[in-house]
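As a plain string of letters, each chain reads:
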Amino acid sequence: MTPSRHKTALRLHRELTDIWATPPGWGRLQAVNHTVIGKRFMLTALVFFAIGGVLAMLIRTQLATTQSAFLDAAAYAQVFTMHGVVMMFLFAIPFFEGLAMYLLPKMLGSRDLAFPRMSAYGYWCYLFGGMFLVGALVAGVAPDGGWFMYTPLSSATYTPGVNADVWLLGITFVEISALSAAIEILVSVLKLRAPGMSLTRMPIFAWYMLVVAGMMLIGFPPLILGSILLEAERAFSLPFFDPARGGDPLLWQHLFWLFGHPEVYIIFLPAAGALSTIIPTLARRPLEGYEIAVAAVIAIAFLSFGLWVHHMYTVGIPHVALSFFSAASGLVAVPTGVQIFAWLATLAHGKPRMSVPMLHVFGFLFVFVLGGLTGVMLAMVPFDWQAHDTHFVVAHLHYVLVGGFVFPMMAAAYYWLPHIFGRQSVQHLSHAAFWMIFVGFNLTFFAMHLTGLRGMPRRISTYPPEAGWETLNFVSSMGGFIMTTGFALVALDFLLLAVFGKPFRRNPWRAGTLEWAMPTPPPAYAFASLPEISARADRLDPDRLGPALAAGKGYLGSTRHGWMEVLGVDMVTGRAEQVVVLPNRTCLPLLTALASGSVFALLLLKLYWLAPLALLVVVALFLLWTRDCGLTSDLADLPVGHGPNLPHHYHAERPPSYWAMVFTLAADATLYASLLFGALFLWLSAPNWPPGLDIPVDAFTCVAVVAALVIAAAFGRQSLSGNDRVARSLCFAALAYGAALIVLVAFLVGIHGAATRHAAVASIFAVKSYAALHIAVGLVLSLFCLWRIGSGHVSARRDLDLRLGRLWHMFTLITGLAAMAFPFILTLLAGGAGP
Amino acid sequence: MSGNPLFGLFAAWIGWAGGFLILYALQATGCRAGWDSHMIGAVSTLRLLLVATALTIVFVLLGLSWKARRNGPASPLARIGALANGAAILATLCFAGVLWLGMCA
Chain A
1 MTPSRHKTAL RLHRELTDIW ATPPGWGRLQ AVNHTVIGKR FMLTALVFFA IGGVLAMLIR
61 TQLATTQSAF LDAAAYAQVF TMHGVVMMFL FAIPFFEGLA MYLLPKMLGS RDLAFPRMSA
121 YGYWCYLFGG MFLVGALVAG VAPDGGWFMY TPLSSATYTP GVNADVWLLG ITFVEISALS
181 AAIEILVSVL KLRAPGMSLT RMPIFAWYML VVAGMMLIGF PPLILGSILL EAERAFSLPF
241 FDPARGGDPL LWQHLFWLFG HPEVYIIFLP AAGALSTIIP TLARRPLEGY EIAVAAVIAI
301 AFLSFGLWVH HMYTVGIPHV ALSFFSAASG LVAVPTGVQI FAWLATLAHG KPRMSVPMLH
361 VFGFLFVFVL GGLTGVMLAM VPFDWQAHDT HFVVAHLHYV LVGGFVFPMM AAAYYWLPHI
421 FGRQSVQHLS HAAFWMIFVG FNLTFFAMHL TGLRGMPRRI STYPPEAGWE TLNFVSSMGG
481 FIMTTGFALV ALDFLLLAVF GKPFRRNPWR AGTLEWAMPT PPPAYAFASL PEISARADRL
541 DPDRLGPALA AGKGYLGSTR HGWMEVLGVD MVTGRAEQVV VLPNRTCLPL LTALASGSVF
601 ALLLLKLYWL APLALLVVVA LFLLWTRDCG LTSDLADLPV GHGPNLPHHY HAERPPSYWA
661 MVFTLAADAT LYASLLFGAL FLWLSAPNWP PGLDIPVDAF TCVAVVAALV IAAAFGRQSL
721 SGNDRVARSL CFAALAYGAA LIVLVAFLVG IHGAATRHAA VASIFAVKSY AALHIAVGLV
781 LSLFCLWRIG SGHVSARRDL DLRLGRLWHM FTLITGLAAM AFPFILTLLA GGAGP
Chain B
1 MSGNPLFGLF AAWIGWAGGF LILYALQATG CRAGWDSHMI GAVSTLRLLL VATALTIVFV
61 LLGLSWKARR NGPASPLARI GALANGAAIL ATLCFAGVLW LGMCA
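Heads up: the sequence lines are chains A and B, in that order. Take the first sequence: its position 547, counting from 1, is numbered 547 in full-length UniProt numbering, and each next residue is one higher. Take the second sequence: its position 57, counting from 1, is numbered 57 in full-length UniProt numbering, and each next residue is one higher.
Hints are computed from structural coordinates only; laboratory data are not their basis. Ideal Cβ placement from N, Cα and C applies to all residues, glycine included. The reader is advised that the hints may include incorrect statements.
[Unchecked claim] Heads up, incomplete: computed chain A residues facing chain B, CB under 7 Å, no partners named:
{"hint": "1", "residue": "Thr200"}
{"hint": "2", "residue": "Val294"}
{"hint": "3", "residue": "Ala295"}
{"hint": "4", "residue": "Phe302"}
{"hint": "5", "residue": "Val320"}
{"hint": "6", "residue": "Leu331"}
Let's have the full structure, built from the sequences with the hints guiding it.
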């Protein structure tokens with residue numbers, strides 16, 4: 001770099017750091033930067049991993065010998081439940097979310113994610129939700145019904161304490177974090193890329209994360225719905241899962257596994273994305289079959305949703321229905337195999353470097369392929385009937401999850417830790433740690449296949465000496481302790497790397513991806529200017545690009561008004577189309593998460609009258625987020641350093657927040673569809689139908705609400721037609737929403753008693769409550785838009801707030817119409833299918 | 001398919017997923033309504049319905065795939081879409097059980 005270029009780079013660095021950096025001390029609580037939030041997610045997830053590991057050791061100590069008195073049955077139930085909960089919800093998902101948050105903007109040539117405050121809010125929700133759960137364990141009231149919380153065991157009759165409530169509320173709280181991350185990742189990958197980076201030029205990791213985020217968007221709502229329904233049953237006696245009152249425990253299993261099976265792939269695919277990035281770099285050859293690999297990832301995503309019943313083979317489902325799920329379970333091995341062969345081909349055609357990440361890649365290949373094979377065995381119905389609920393299944397899921405997530409993530413950690421710390425591993429402990437984990441893991445879980453085949457059930461705390469399982473269990477326990485020692489060595493190795501690692505200049509692996517085209521550790525703004533991409537973004541030359549970008553030679557190579565600027569692009573072609581100005585650091589995400597946490601805490605304490613007040617505080621805080629967002633005057637297009645000037649995102653037709661609203665509504669629609677599916681499932685399958693009481697069908701309520709919703713949507717839509725009429729239209733929309741809400745709440749109060757007597761009425765109560773909630777949000781949005789007009793944030797060219805509101809109004813109209821029609825349909829069905 | 005190319009990537013799989021849900025729902029509803037014991041010739045009404053639905057799904061996916069090939073340029077995105085569509089069509093093998101397996105037992 002020439003002296004003048006160096007001077008420019010230094011000046012730009014200082015200016016950008018002032019804008020993007022997180023202040024020290026208490027200022028850290030304001031952090032919204034993706035590098036900081038990503039690291040926090042990963043570090044917190046590792047702490048939870050350590051807690052989950054300690055719980056695993058307690059389990060293995062208990063099972064090492066027959067008739068062990070180490071833990072009593074009640075404590076053991078809490079320990080094994082929390083082991084699963086912590087590993088699945090508090091370690092695996094948040095860890096890859098953190099990795100994605102840290103890496104994606106850097107790999108995509110952007111400076112941050114699309115909604116930095118949302119990332120921060122998601123992190124705090126995750127932290128507080130996790131603290132709820134772990135705090136409950138310390139207090140001895142942790143969930144104890146298994147990580148999948150099957151009813152009726154988790155219903156109020158059989159779990160009368162708060163243990164199950166901790167799970168239901170705590171997990172729902174954590175899932176807010178996951179859903180916000182999913183929307184964040186989807187919008188960021190689709191909209192915030194470097195100019196020229198079309199979809200097919202994206203680094204493969206971004207493809208995986210795009211698909212995974214889509215899966216999370218569809219996969220998590222059924223679980224959230226199930227948790228809400230079960231909590232409603234426990235708290236308000238709405239009998240969705242009580243067969244004596246027209247409910248069905250199987251509804252819980254359907255809702256849980258609609259989430260639970262895709263969840264396995266949601267965990268595996270980010271790890272596979274990391275492998276598809278690491279293997280080509282270490283093999284010194286581009287990934288074989290990039291396009292086939294992308295198609296395979298898409299196939300896995302959809303097939304994984306067709307597998308949920310394979311956890312329910314033994315509940316009495318007819319053969320033809322079982323065949324759909326069994327065949328899909330077998331088929332999913334094909335695209336998974338395609339990826340494995342793509343990795344093997346890349347290694348075979350390349351010149352692999354035998355480094356520590358590569359060691360973990362081999363660990364992955366060995367363990368995951370074995371887990372996949374036992375998965376195909378379990379996909380076959382006759383075998384599953386024999387192995388169901390035995391330790392064979394426990395062994396299989398650990399081979400899949402540890403093989404498919406933990407080994408790849410350790411490879412990823414050794415590969416990207418130099419990026420995070422700017423130092424390379426000294427490797428004194430790395431090899432020993434790997435071999436202890438690998439040997440310990442296989443000792444633990446290979447033996448578990450055998451105990452399972454010899455009939456040892458899951459979740460038992462003791463077993464008799466004559467069962468013949470002691471030797472194998474002892475081997476498992478010893479393997480577990482060896483593996484734990486290995487993980488302790490890995491932790492020590494990471495610490496040594498961070499403190500005593502060898503500094504390096506840039507790009508130690510000679511990778512071709514953009515995250516290495518910046519100084520390490522990375523500055524808060526990631527790129528001083530943004531690159532133009534003209535080739536696939538895993539075949540670039542970071543060593544050449546980095547200095548040019550640091551000197552401001554790319555897009556947005558200067559600062560403006562202290563704005564945090566990134567470029568928004570066309571989703572498919574990557575053509576630059578807008579300048580996205582991100583909101584800056586603030587304590588609001590932390591405060592909002594605290595308020596959100598207080599809603600869940602109040603529900604846990606059964607202070608139901610106070611919870612709506614806390615919810616109002618949450619809404620008020622969210623509205624405060626918008627205070628410094630938007631524009632109060634129209635702007636001319638902005639220069640970006642290259643090519644034509646681009647509009648500010650508030651003037652753009654499809655800014656990131658528009659897509660965020662679309663994706664939010666997609667998740668919302670999934671939850672609603674799951675609710676309607678649940679009600680129809682009860683009609684089809686639950687005992688004690690048709691109900692022995694009148695289904696409340698109030699024609700007046702339905703007509704009044706439908707009329708009000710049509711008026712609200714019409715005025716909401718009309719508000720776009722002319723600025724002079726906007727405020728008046730929004731007032732009418734708000735009034736219509738208010739009227740609909742009053743009528744609907746009166747109806748809900750009227751049927752609450754009947755809703756506790758039969759699941760049919762409870763279903764109507766749930767569907768109409770959903771409509772009421774959406775109407776309430778529509779009212780808030782109408783009032784919010786009025787406020788934005790009053791504060792000068794809306795003009796003919798700046799109507800984003802109104803367009804977001806319009807999306808909501810239309811969605812509320814459609815779902816509201818379905819909700820009003822629902823009681824009539826249910827009455828027809830229940831009457832028609834009577835005995 | 002000629003609209004957003006991103007949709008073209010997922011269209012056939014969305015069709016497959018929708019078909020999967022329709023078949024599962026139809027089977028459960030048919031069993032509840034007793035269509036499996038109502039015979040048309042030697043075949044139950046429920047089996048005929050399921051077979052017809054499965055075939056419709058296959059034809060719809062074939063149509064989507066054919067339309068995508070006809071409309072789309074030979075870009076990398078179109079090639080990925082063609083691969084994904086082909087995989088979705090092959091995955092309709094999942095529905096083959098409607099031809100011979102027990103409907104409601």
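Hints numbered earlier in the text: which of these fail when held up against the supplied structure?
Result: no hint breaks.
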